[in-house]
Structures are given as C-alpha cells and as structure tokens.
Amino acid sequence: MSTSPKENKEEWLNRLRDSVSDYKESVPNDAWQKLERQMYGGKMQFLTRRRIYGGISAVAAIVIIFLILPTFIPDSNNKDKGLQIAVVNNNESVVAIADEIKSKKIIADSNHKNDKRAIVDNTGDIAKEIEVEKEAYNNEVVLSYNKQEYNKQEPNKQEPNKEEKIEEKKKEKELTWEEYLQQPQQKENKKQNKDGNWLAFSVGNNGVGTFGADNNVKPQASMEQSLQELPPIDINPVKDIVMFQRPSFLALPIIVEELKLENEPEYRHKQPLSFGITFGKNISSKFTVETGLVYSLLISDVSNLQKNKTVTQTLHYLGIPVRFNWNFINKNKYAVYTGAGVLIEKCIYGKIGDEKLSVKSVQTSLNFNVGAQYKFNKTVGIYFEPGLCYYLGMKDNGSLGEMKNGNFIKSIHSEHPFGFTLQAGLRFSF
Amino acid sequence: MEEQELSDGCRNGNRNARRILYELYAEHMLGVCMRYIGDKATAQDLLHDGFIKIFASFDKFTWRGAGSLKAWLSRIMVNMAIEYLRKEKNSGMLFDDGRLILQGDNTVKEEKLGLYSEPDADKINLIPQSVIMQYIEELPLGYRTVFNLFVFEKKTHKEIADMLGINEKSSSSQLLRAKSTLAKRINEYIKDNEI
Numbered sequence: 030m031s032t033s034p035k036e037n038k039e040e041w042l043n044r045l046r047d048s049v050s051d052y053k054e055s056v057p058n059d060a061w062q063k064l065e066r067q068m069y070g071g072k073m074q075f076l077t078r079r080r081i082y083g084g085i086s087a088v089a090a091i092v093i094i095f096l097i098l099p100t101f102i103p104d105s106n107n108k109d110k111g112l113q114i115a116v117v118n119n120n121e122s123v124v125a126i127a128d129e130i131k132s133k134k135i136i137a138d139s140n141h142k143n144d145k146r147a148i149v150d151n152t153g154d155i156a157k158e159i160e161v162e163k164e165a166y167n168n169e170v171v172l173s174y175n176k177q178e179y180n181k182q183e184p185n186k187q188e189p190n191k192e193e194k195i196e197e198k199k200k201e202k203e204l205t206w207e208e209y210l211q212q213p214q215q216k217e218n219k220k221q222n223k224d225g226n227w228l229a230f231s232v233g234n235n236g237v238g239t240f241g242a243d244n245n246v247k248p249q250a251s252m253e254q255s256l257q258e259l260p261p262i263d264i265n266p267v268k269d270i271v272m273f274q275r276p277s278f279l280a281l282p283i284i285v286e287e288l289k290l291e292n293e294p295e296y297r298h299k300q301p302l303s304f305g306i307t308f309g310k311n312i313s314s315k316f317t318v319e320t321g322l323v324y325s326l327l328i329s330d331v332s333n334l335q336k337n338k339t340v341t342q343t344l345h346y347l348g349i350p351v352r353f354n355w356n357f358i359n360k361n362k363y364a365v366y367t368g369a370g371v372l373i374e375k376c377i378y379g380k381i382g383d384e385k386l387s388v389k390s391v392q393t394s395l396n397f398n399v400g401a402q403y404k405f406n407k408t409v410g411i412y413f414e415p416g417l418c419y420y421l422g423m424k425d426n427g428s429l430g431e432m433k434n435g436n437f438i439k440s441i442h443s444e445h446p447f448g449f450t451l452q453a454g455l456r457f458s459f
Numbered sequence: 048m049e050e051q052e053l054s055d056g057c058r059n060g061n062r063n064a065r066r067i068l069y070e071l072y073a074e075h076m077l078g079v080c081m082r083y084i085g086d087k088a089t090a091q092d093l094l095h096d097g098f099i100k101i102f103a104s105f106d107k108f109t110w111r112g113a114g115s116l117k118a119w120l121s122r123i124m125v126n127m128a129i130e131y132l133r134k135e136k137n138s139g140m141l142f143d144d145g146r147l148i149l150q151g152d153n154t155v156k157e158e159k160l161g162l163y164s165e166p167d168a169d170k171i172n173l174i175p176q177s178v179i180m181q182y183i184e185e186l187p188l189g190y191r192t193v194f195n196l197f198v199f200e201k202k203t204h205k206e207i208a209d210m211l212g213i214n215e216k217s218s219s220s221q222l223l224r225a226k227s228t229l230a231k232r233i234n235e236y237i238k239d240n241e242i
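Heads up: the sequence lines are chains A and B, in that order.
Residue numbers for the first sequence follow the working numbering, so the first one is 30 and each next one is one higher.
Residue numbers for the second sequence follow the working numbering, so the first one is 48 and each next one is one higher.
Rather than coming from a laboratory, the hints here were simulated on the basis of the structure.
Keep in mind that the hints are not guaranteed to be accurate.
[To be verified] Subject to a maximum C-alpha distance of 27 Å in a straight line, what follows is the list of computed DSS-like cross-link-like pairs (lysine-lysine):
hint, chain 1, residue 1, chain 2, residue 2
1, A, 63, B, 87
2, A, 315, B, 134
3, B, 201, B, 231
Working from the sequences, and respecting the hints, build out all of it.
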C-alpha cells in the first residue's frame, strides 16, 4: 500500500475504473416502447412532461380539495337551521317554541296531552300541526328575551310585562316593548339573517308576551288561523329579537341562545394540527407504503361551561397511520405525492379548563392527502400535507363521552366527522 | 449489424436501427447515469431523454473506428447528467453559493486526507462490480460528480471547474475526499471479506 496519492496515477483507481466502466443497469421492459411512443407520437421530453404533469396534478388536487372542502364542513353559523317545533295548547295559545335541531331534544314542551305541536321551518313558510305524544320533558326552559332576569321572577309575574326592558347588547340601551314596537322600521334589516334560525308565529292578539313552559301560565295569544293557512312570515331580527311586521300580530321575543339547555357548553373548534414521524417503504419509484406515529392537537374554546367564562379544551391524540402514497413527482430532493389511508388514534391527554378529561374510545378515520416532501438525503425528509379526513363511528350527538358533571365532551372530529387536516413531520424512507 | 452500419441507420431515422442501438447500449448508458445521479428513477428519465437527444443529433456523429459509437453515446449521457445537475444547482438544491456542498466528513483536514491507505490494486478486480458501483453512487453528490469527471471522463480540474461553475481548488478538494472515502470503504470490504 502506498501513502502518496498522485492523482490519476494510482493503480487502484485505474482498476476501479476498468471494473465498472462496462457496468450495466437493467432497463425497465417498457422503456423502449415509451421512447418509441414519444419519438413517433410527438410527445415532449419525459422529464419536462413529468414536471408539467406533476405540477398540474398538484395544483388540480389542491384546487379540488379546497372546492370540495366547504361542502364537508358544516357551517357553524347555520348549524341550527332546520325544522323547529312550537307547542300549542287547547286554547290555541302558543305555549312554547323549541329548537329541536340544536340540542337534539325538545327543550320546551307541554305536559298537556291535548296540546298540539306545530312544525315550522326557519323561513316560516311551512306550518304543520302534529300530535303531541305524552312524554316527560323537562319544562324548565323558559323562552324569554332575557332569561337570566326572567328566571329570577316568580311565576305570577309571567304575565306580559310592558315595562320589561330589552337589552341592546352593544349600545346597552334599554327600551320597553312599547318603545320598541313604535320604531320597528328603523331597526328593520339591521341584523337580517344574523343567525339564520329565527322563528316567529303569528297569533291574533296585540299583546306582547313571554311564556314559560309552566302550564299554569298562558300567554295572551291565541291562534288566529290554523298554522297551515299562515301567510309567509317576514322575520325582522333586530338584535336578538324577532318581530312580525303585521301590527295585529304578537311579537314573540325569543333569544335563540336562550333556547339551549342550561349549562350546555358551546364549542368553538380550532383547526387541528398534526405532527408525524413516518416510516415509508418504497415499493417502486412511484409508490410508497408507510406507517408511523402521528401526534394531533385539538384545541377548542368552550363557552357556557363556567359562568361568564370561556375555557380552553385541549385534546392530545397519538395515532398510527397506515397509508399508500403515489409519488407523482419524485425528483432528487423533492417529492410531491398524494395518498390515502387509515389513521387510528387514541386520546393520550385531555384537559378542559383545569379539569382533566378522560376520552376512552379509540377513533378511526379515513384520510386523503396531498403532500410535498423535501428530502435531506435518500432516507430522511420533511413533509407537509394538507388533506381531508372522515372520522368513522362518531355519535349522533357529536360527543366523545361525558365529563364528570354530565356534560358531553366534544371535539371538532366528533361534531364534524368530515374535516380538513394539516400535518407536517419527518419521513424516513427505506 | 456492424457499428458503422447501425450508426448510418440511426442517422437516417431507421426505426429498426434505433431499436437495435437502444437494445445494445441502453443498459450501459443507464449504468453511466446511475454513476452520476445515484437515483434510479431520475437516471431512467435521464436515459429516456438522453436517447431522444442521441437520435436527434445523430448527424453530428462521425464514425471513427470501433468503440467510437459507444464513447459518443456515453459523452452525451454524461453531458445530460451534468446538465441535469447544473439545473438542480440553479434551483439551489445541490450546490450552495456557487460551490458544491461539501457533504460528508468535512472536519478532516486535507493534509490528513492525503494520508489514506490506497487499496491493493490487485484485489479491486475481486470486488463485485455492483459493490463498487454502490460505493460510488453513495458518495456525497459533490464528491461523486468530480470523481466521475476526473476518473472516468479524464477531465482536468480546470475543465471540471468550468463545467460545474466551481473553482479548481474546490474540484481538487472534492476529488481528494472522494478518493479517501472510497479507499476507506474498499479497504473495509477487503478486510471484512478476507479477499
């Protein structure tokens, strides 16, 4: 052995060159056919074509995701749209109006067997009477424009009270109903369709009422005509008040927020983020099978759980994905791919405010992603993947389980099984 | 079909001649691409585009005796590979600030690099071709490119520097590191396999 490397004069290098100078690498069977097709079919060069097609595919996939996405994500502002129920007693007085869709329960009802229920939709176009089945519902919910104030009142104060004040949230200006009724035109359309779930009934009385589900208290309102015959109703949500334009009609002030069950928490979910360590096996230059570990963080702001306070719920999930990817661009350092697979996740830690949450169930989701990867070397790369997910087996009430106080635990996936995911991470390819 | 006859056929756009040329040389040319690129999928694409170029520029080829056709084909493939690497360089992927990224162990001083043990030349022939190819393919990109151009294409450091847009000193340094890395791996192989 020598220790003086004179460039290009070392014999070992000459031998090395001779050894591999006639090296052959096997060519794919269809390589000539592809070449022939291109030469005689007028196609563009392979690398150029691959770049162009890959770019088009990536753009198309991303556009499709963003086009399809909104159809899968329920609009939280409109989640209360749908049929609603009013309860009408023997005197054809509206006893209560309930929001069936929101809580999955009829939250205002009557104990009288002969009472009727009427179904109306949000536009007020359709009205239909249905028979009340005798069911024991909690009648505590009071429909009032100011529930907190109202709840403090004694039942004998539940007659229409002309001096009741209306809170205007922003201006904090207080108006009586009389004052309010005198100036409906000024306030018309001010907040038209603000929430999309306003509901109103026309009844033949000029009185203004609040009602309770307590059957001893009957609003001074009777049905002027059957609900089927009602003309389309104009709804003028002003602030949180529903009004009829026809002066002979009774205005039923209902604050929709108050229609919810007391203490039912309201969730506002943030976009979940995931981080993954992925191990991929290249089964060909185009296809990869992979698995690994995915950590997901689900954050939601929860209101109405504690008085006047919004608390944060965090759920930490660890999951195992199994996925199949198609790398439609696989350059030296970059790869763009699309893939589909299954992710099985378990909540490893959860907290709402200061209280620990225990979510026992394992959740399974189907995932479709488009991803881009930057490879540091042949083995290690970082990736970023937006995608769509669908969570299987979620309950109808959108809950993951119950808290100690009986409230439901909810997450973005339990309430909206179809969703959008963002994942980044490290990928090890073999 | 003789080499000259084959090249004439290809020049005239004879489909059969082109197919025969491809069948005769594609595997060897893919080996050349692999030596430069190290990634099979890219090497295959390069082979494809390389042959398109070969068939399109056959009128520039002049037959100068046995082996001249293969040498010409190889030269086109090498140029394609270098062009590809240069494009990658322009996209900022393979090179850094006009210089080849010095991958691998850069902490070793060059004086020490010169002190590597040269493998026994007689034993090189006993090492499988695929093993040596693998060692070359696994060299860091900068080392591998300079090594290929210097050892296989017999380019000078000045020519390499011009081709890659680096300076001569950098080329020479990359070669030294490539040789040191290869020698170390080959010596290990010889030792491990008791050749």
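Do the hints match the structure? See the list:
no., hint, result
1, 63(A) to 87(B), "holds (17 Å)"
2, 315(A) to 134(B), "holds (22 Å)"
3, 201(B) to 231(B), "holds (22 Å)"
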